[in-house]
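Participant: Below, each chain spelled out in residue letters.
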Amino acid sequence: MADTFTVHLKIWRQEGPNEPGELVDYTLDKVNEHMSFLEMLDVLNEEIVKEGGVPIEFDYDCREGICGSCNLMINGQAHGPKAMTCSCQLHMRNYSDGDTIVIEPFRAKGFPVIKDLVVDRSAFDRIIEAGGYVSVKTGSAPDANSIPVDKSVADTAFDYATCIGCGACVAACPNSSASLFTGAKLAHLNRLPQGEPERAERTVAMVEQMEEEGFGDCSNYAECEAVCPKGISISAIAEMRRNYMKAALKGSEA
Amino acid sequence: MNLDSKVPSGPLEEKWSKHLNDIQLVAPNNKRKHDVIVVGTGLAGGSAAASLAELGYNVKSFCIQDSARRAHSIAAQGGINAAKNYPNDGDTIWRLFYDTIKGGDYRSRESNTYRLAQISNEIIDQAVAQGVPFAREYGGLLANRSFGGAQVSRTFYARGQTGQQLLLGAYQAMMRQVHEGRIDLHTRQEMLDVVIVDGKARGIITRDLVSGEIKRWMADAVVLASGGYGNAFYLSTNAINSNVTAAWRCHKRGAAFANPCYVQIHPTCIPVSGDYQSKLTLMSESLRNDGRVWVPKEKGDDRHPNDIPEDERYYYLEEKYPAFGNLVPRDVASRNAKIVCDEGMGVGPTGRAVYLDFNDAIEREGKQAIADKYGNLFEMYENITDNNPYEEPMRIFPAVHYTMGGLWVDYNLMSNIPGLFVAGEANFSDHGANRLGASALMQGLSDGYFIIPYTIGNYIAGEELPDVSKDHDAFDEAADNAQGHIDKLFEVDGDKSVVEFHRELGQIMWDKVGISRSEEGLKEAIKEIQELREEFWNNVRVPGEAANYNKYLEFAGRVADFLELGELMAKDALHRDESCGCHLRAEHQSDEGEALRNDKEYSYVAAWEFQGVNGELQEELHKEDLEFDFVELKQRSYK
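Sequence lines, in order, name chains R and G.
Numbering follows the UniProt record's numbering, with no gaps: position 235 of the first sequence is 235.
Numbering follows the UniProt record's numbering, with no gaps: position 336 of the second sequence is 336.
Pulled out of the complex, with its shape left as it was, chain G reads as follows:
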């Protein structure tokens, strides 16, 4: 397998501009002769579709939702980073780059991460020009706040709805191109396969989620922006329909899946309340700017939190990490929440929660100031839990939130399948083993607005792309494959619901491939997932029919893929015999529970090549060595 990262030579700060100088262009009058498929309409897909259409390509855009405005990017709350240095607190592109690569525990590609920091400023300009209503100061200029893993204020925000506002900006830019006739938008369509002709991605197969019809779509290049795979855990902060199917089907056609074990567990979510629970709700990390995290010092202390005196509270983040305090990166915060709960200091009915307390902030700044910053988050919390965070501390616990792993891509964001580009959370690119807060929006929009529109031109200009008919054998084979998978699901005709399988998979993943992993647990997980997968294919019940709107059928297809991916995640976690970022192997941690990396043996991207499923998932490991020419590898410390 060819894993040439195609990183341009030269100094770090000149690589991207040099690359832009060097890459081939498609002339304006030729762009309209080329079709590009974009799968997904989140920040990455929406911005890519709009920008490609503005350039003149014929764009076909697909999403599973009923509107392109609803992709899960919409749920991002806290903000988006950029190195504008508007607050004059010493921020630079280098610092944003350095914080991101350090936050990722030195497991990302230097060149990609640097480019992300370079592009960050343009994104803010673009969004403001679109009318995205970012928070402003009284002088009329943009406001910033702090986020985890950084000692500067570089996060731009729109109350607690930054993802929504940025997504609406991208969606509106898309709809303008729909109006211009440059984007052909297809909602309620689920991609079930990629079509490869002469070794190049030339189309996709979709299922129309309303009629059930299997459809064929042809193009010169395919951009996959289908999001992350956190729902392998069943319960996560992801939207219920977020899934890995589009990416996984590409993987089964030969696209390498990189670092699948890198899963971010967000420290501030609302705890689980019962087994009917369908999803977990995130409380933005921005809350850690003003909220103080604590547990009672006494194990099993069941007094009301307001009755526990100051000196009987354990502010464990502030005590252990005085330099960053409550603003340590997400992996560190999540791990420490688990540690105090494992030690018996957890709170709430399940003992699997810690307090996030705003009392000091309210006394310091007043209730109104806190309401202005976090009002909608406080309302959301109260709505779900029936507790008022102005009056008593929130109860929070970590939950699966974001997946840093994804399809392998080179510097051009192209997978190892020529013509298949991957953007946003669906690729593995920029965050290494842990993503810093407010960096997902930055990456999705960087990929879509400012990288793919150029690199796709370079690909199209440099390739022979003869016309392909939708009756080509490769389309027949892929369409039959998609239909065959659906038929097979109905044929099982068992008596266990898809939801039960998904919940059981999630429990295995959370217990054994979650915050802390061990060799023993991972080996058990692999075996249990294999057994569950076998049971699924012998006993799943899919109600209804294929030729109609059928959500259970959609879920069945997705859960079948999660049952394979879950095994790969466990395999990847097992093979990576070190701790790094979010990947904590119990065997490799300091006395204080910090991740201990092994740079000598594991400073590489693990890219897995699908070989087949035969009881066991067969995958071959390939390695892209990570070279650090510009930063020095250090043990992370936030003390």
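For reference, chain R alone in the conformation it holds in the complex:
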């Protein structure tokens, strides 16, 4: 078993959506290199509870990097320093004794704070609701092999479909743009034969919903791609713009 070490934490505490928040200092001296980052926060919370305090709230569920619940801004980086890694899959072996770690929520106009590090990401659901699907009713599908899909097309669609909806792209973007999230779903569905018929309508509806939610425009900073735990390419954004322009020029009948 590895030796334990100490970290200094500055963690955003905020009672509720309309309360002021602040960074609060904590020191934790039982950190082990094999702990995940969230397990380190669990240990801190246990200490806080033992001392009669109110534990720090943060979102998590699967703790294996797939559900998209966890969303911490760690030392100014969405999901922390390790590429292609969610907050829950970051391990304390990436830190050393005496390090100071600042932990904040994913901040954006489209993601209001609920409490402490927990934010409301329901805007993402509303973007999907606007058109992020194929309109097929249960029971009406043809045989699965009746439409062949080129393997390279299917593989690329899969690459975009791996988005977990965590919101790191928004948090990292200087404009708080949700273009990578929106573009990834469009790039997944629009390139498949099943998604093709609704391509124009879907693109327009999702892009307009994204703007309505208060997310900013894309200025090609590419910060989103850098922090995306699934490594989704910003080509999705270029593709979204092309499809949006085509649809806008031709009207929604395009």
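I should point out that these hints are in silico values taken from the structure, not numbers from a laboratory.
Bear in mind that the values here come from a model prediction, so they are computed numbers and not experimental data.
Take the hints with a grain of salt, since some may be wrong.
Straight-line C-alpha distance at most 30 Å; calculated DSBU-like pairs for lysine-lysine [what the hints assert, rightly or not]:
(1) LYS230(R) <-> LYS367(G)
(2) LYS230(R) <-> LYS82(R)
(3) LYS137(R) <-> LYS15(G)
(4) LYS33(G) <-> LYS137(R)
(5) LYS496(G) <-> LYS30(R)
(6) LYS252(G) <-> LYS470(G)
(7) LYS15(G) <-> LYS200(G)
(8) LYS137(R) <-> LYS18(G)
(9) LYS82(R) <-> LYS109(R)
(10) LYS109(R) <-> LYS215(G)
(11) LYS496(G) <-> LYS10(R)
(12) LYS137(R) <-> LYS31(G)
(13) LYS252(G) <-> LYS200(G)
(14) LYS137(R) <-> LYS6(G)
(15) LYS230(R) <-> LYS109(R)
(16) LYS151(R) <-> LYS367(G)
(17) LYS634(G) <-> LYS600(G)
(18) LYS634(G) <-> LYS15(G)
(19) LYS215(G) <-> LYS200(G)
(20) LYS367(G) <-> LYS297(G)
(21) LYS50(R) <-> LYS527(G)
(22) LYS18(G) <-> LYS31(G)
(23) LYS527(G) <-> LYS496(G)
(24) LYS246(R) <-> LYS137(R)
(25) LYS84(G) <-> LYS6(G)
(26) LYS84(G) <-> LYS137(R)
(27) LYS252(G) <-> LYS496(G)
(28) LYS50(R) <-> LYS496(G)
(29) LYS18(G) <-> LYS33(G)
(30) LYS33(G) <-> LYS200(G)
(31) LYS82(R) <-> LYS367(G)
(32) LYS50(R) <-> LYS488(G)
(33) LYS84(G) <-> LYS151(R)
We have chain R; now place chain G onto it with these hints.
Facilitator: Positioned in the frame of chain R, the structure of chain G alone reads:
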């Protein structure tokens, strides 16, 4: 208690179509007059909500997560079975059915399992039409791979993220119905009680996890799709928020809980590293297609695995089960891992691990081919353990993964409470005493897309369902009950954390109600759980307040329920004095550690009826006899 399974008569392959011909329908213009509540937005709940809404019902959908896209189905890695026979290797609906019922060690209902195999093909069609990006061959057609317990390749997959992709398909179908105004979606809401009016389920009580408010919801029927109860073990592969509360509160209102002791322990998980551990991570069973499981022949051999020569390795699955080799069912693989570790051949710092080695596969197919199949799993492993599985074998050990038991349901997936339907892992239905790999996704989607939408219509069409007000006494009583439970948790005001109680419960469950169980151990477990429960209600500390976001309060409510369920699991395991599937009683095993069933006395579903908690959990046992008209019961053999 009425446990009429309502299985239609006739030949096995005609039961479902005959039933569809016979059941009553609700006319399209009448469907919009009916409200249906769906609790949970995993594969079963999401697909049910979407399909019911497409039919025209007013659906109210609830989940505890912040989005319907995050339910734990998302973590399923390996794949989904279907009897398409695309690889032309001789698969049929009968074979899928037979493998599933045999894999479940003949403890499931024949008719339900057959229906599952029948529906499997439609699920693949549906998912592909939704744009689920399954793996494909170069010709553009769908690819398949092999999974445990089968000698054909019938598993469809989307790299190691099949659950995620299928769930997103169901979620998107749901969101389309939200857009249409047919689904009223409520996230961050936890169901705390079911409301029963005139003997029928007519609503639920929830706690708003953001504001803490207790809310009342009315409907003509309730679908519970709230998942399994593996987190009774504290450490499991389940998501941290997975819990039994919704199902358990229904049980306390009279819904029978069936076969609670059937818990699947998955053979390939990343071993425990320390007491801060919050969950265990699964490595997909698909890895056993190419990975070879071994331990050093020499006890306590602490050489690096790459330094141990071939003839000093014990490939125990390949040696003991030459026909299935590394692809034996999960229960067999888990048990054998425990046996070799108990014998001192385990590896790693704790000695509670075995190797899963890809060296031969990499030499045979090349690193790239292996990366294409398992790349994300290998990355996940390296991320957690800091070891590179391309360079050295993975270390794996079994962990609690899935619960086959759940609320009892009839052929229509309705519990013994009229109007309360149960889907997916939350019911006990199709897997018997052991679930085969890639069958959970199949069952969840079968229940939600293709069974409940029909059977719920049959119920609604055939029942008098007068309007009920949210001020009805039954709503008052249930809301007071939910609030009272929360108040009671705060009133204890003790000094031990919820997490400590949960961890202690998990240790009891793992040691005594885990891979191997004995009469003595189970009796100890029952006593220890009772003591722990008493201590909980005298000494738990719940921080914060009720009227705010408060995760510790959520956990306190869930752990309180696990402390009751755990006792029932042990009681069920104690009463079932045989071994079957995942339920291994040490008293009933062959010399080689295989489960020995007792079909004469235990070929039934154990359905428990809640009677109260008075120091001891009071439960009455009811039995639904399992009749096998179409398959012959055999001792399973994978040799």
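Participant: The structure should be examined with respect to each hint, and the outcome stated for every one.
Facilitator: Hint check:
With a CA separation close to 21 Å, the supplied pair LYS230(R) and LYS367(G) stays within the 30 Å bound. Between LYS230(R) and LYS82(R) the CA atoms are separated by roughly 12 Å; this keeps the pair inside 30 Å, and the hint holds. A distance of roughly 25 Å separates the Cα atoms of LYS137(R) and LYS15(G); the hinted pair therefore holds under the 30 Å criterion. Between LYS33(G) and LYS137(R), the direct Cα distance comes to roughly 21 Å. Compliance with the 30 Å bound is thereby established for this hinted pair.
The straight-line distance between the Cα atoms of LYS496(G) and LYS30(R) is roughly 19 Å, inside the 30 Å bound, and the hint therefore holds. Of the supplied pair hints, the one linking LYS252(G) and LYS470(G) holds, its CA atoms being roughly 21 Å apart against a limit of 30 Å. Proposed proximity of LYS15(G) and LYS200(G) is supported: the alpha carbons are some 27 Å apart, at most 30 Å. For the hint linking LYS137(R) to LYS18(G), the alpha-carbon distance of about 23 Å falls within 30 Å, and the restraint holds.
With a C-alpha separation of about 26 Å, the suggested pair LYS82(R) and LYS109(R) falls inside the 30 Å cut-off, and the hint holds. At roughly 29 Å between alpha-carbon atoms, LYS109(R) and LYS215(G) fall within 30 Å of each other, so this suggested pair holds. Restraint check: the Cα-Cα separation between LYS496(G) and LYS10(R) comes to about 26 Å, which is no more than 30 Å; the hinted pair holds. Simply put, LYS137(R) and LYS31(G) have alpha-carbon atoms about 16 Å apart, close enough for the 30 Å limit, and the pair holds.
The hinted pair formed by LYS252(G) and LYS200(G) meets the criterion: a straight-line CA distance of about 15 Å does not exceed 30 Å. Between LYS137(R) and LYS6(G) the alpha-carbon distance is near 29 Å, which keeps this suggested pair within the 30 Å criterion. About 24 Å separates the Cα atoms of LYS230(R) and LYS109(R), which keeps this hinted pair within 30 Å; it holds. In summary, the hint linking LYS151(R) to LYS367(G) is supported, as the alpha carbons are separated by about 20 Å, within the 30 Å threshold.
At roughly 13 Å between alpha-carbon atoms, LYS634(G) and LYS600(G) fall within 30 Å of each other, so this suggested pair holds. Taking the CA atoms of LYS634(G) and LYS15(G), the gap is near 24 Å; set against the 30 Å cutoff, the hint holds. The suggested pairing of LYS215(G) with LYS200(G) holds, with an alpha-carbon distance near 19 Å, which does not exceed 30 Å. As the CA atoms of LYS367(G) and LYS297(G) are separated by approximately 28 Å, the hinted pair is consistent with the 30 Å bound.
Note on LYS50(R) and LYS527(G): the hinted pairing holds, with a Cα-Cα distance of about 27 Å set against a maximum of 30 Å. Restraint check: the Cα-Cα separation between LYS18(G) and LYS31(G) comes to about 23 Å, which is no more than 30 Å; the hinted pair holds. Proposed proximity of LYS527(G) and LYS496(G) is supported: the alpha carbons are some 20 Å apart, at most 30 Å. Among the hinted pairs, LYS246(R) with LYS137(R) is consistent with the structure: their alpha-carbon atoms are about 28 Å apart, no more than 30 Å.
Between LYS84(G) and LYS6(G) the alpha-carbon distance is near 29 Å, which keeps this suggested pair within the 30 Å criterion. Annotation: proposed proximity of LYS84(G) to LYS137(R) holds, straight-line Cα distance about 21 Å (limit 30 Å). Restraint check for LYS252(G) and LYS496(G): satisfied, since their Cα atoms lie roughly 26 Å apart, inside the 30 Å limit. Among the hinted pairs, LYS50(R) with LYS496(G) is consistent with the structure: their alpha-carbon atoms are about 8 Å apart, no more than 30 Å.
A hinted pair counts as satisfied when its Cα atoms are at most 30 Å apart, and LYS18(G) with LYS33(G) qualifies at roughly 28 Å. At most 30 Å may separate the alpha-carbon atoms for a hinted pair to count; LYS33(G) and LYS200(G) meet this at roughly 18 Å. The hinted pair formed by LYS82(R) and LYS367(G) meets the criterion: a straight-line CA distance of about 24 Å does not exceed 30 Å. Taking the CA atoms of LYS50(R) and LYS488(G), the gap is near 20 Å; set against the 30 Å cutoff, the hint holds.
A hinted pair counts as satisfied when its Cα atoms are at most 30 Å apart, and LYS84(G) with LYS151(R) qualifies at roughly 20 Å.
Of the numbered hints given earlier, the model fails none.
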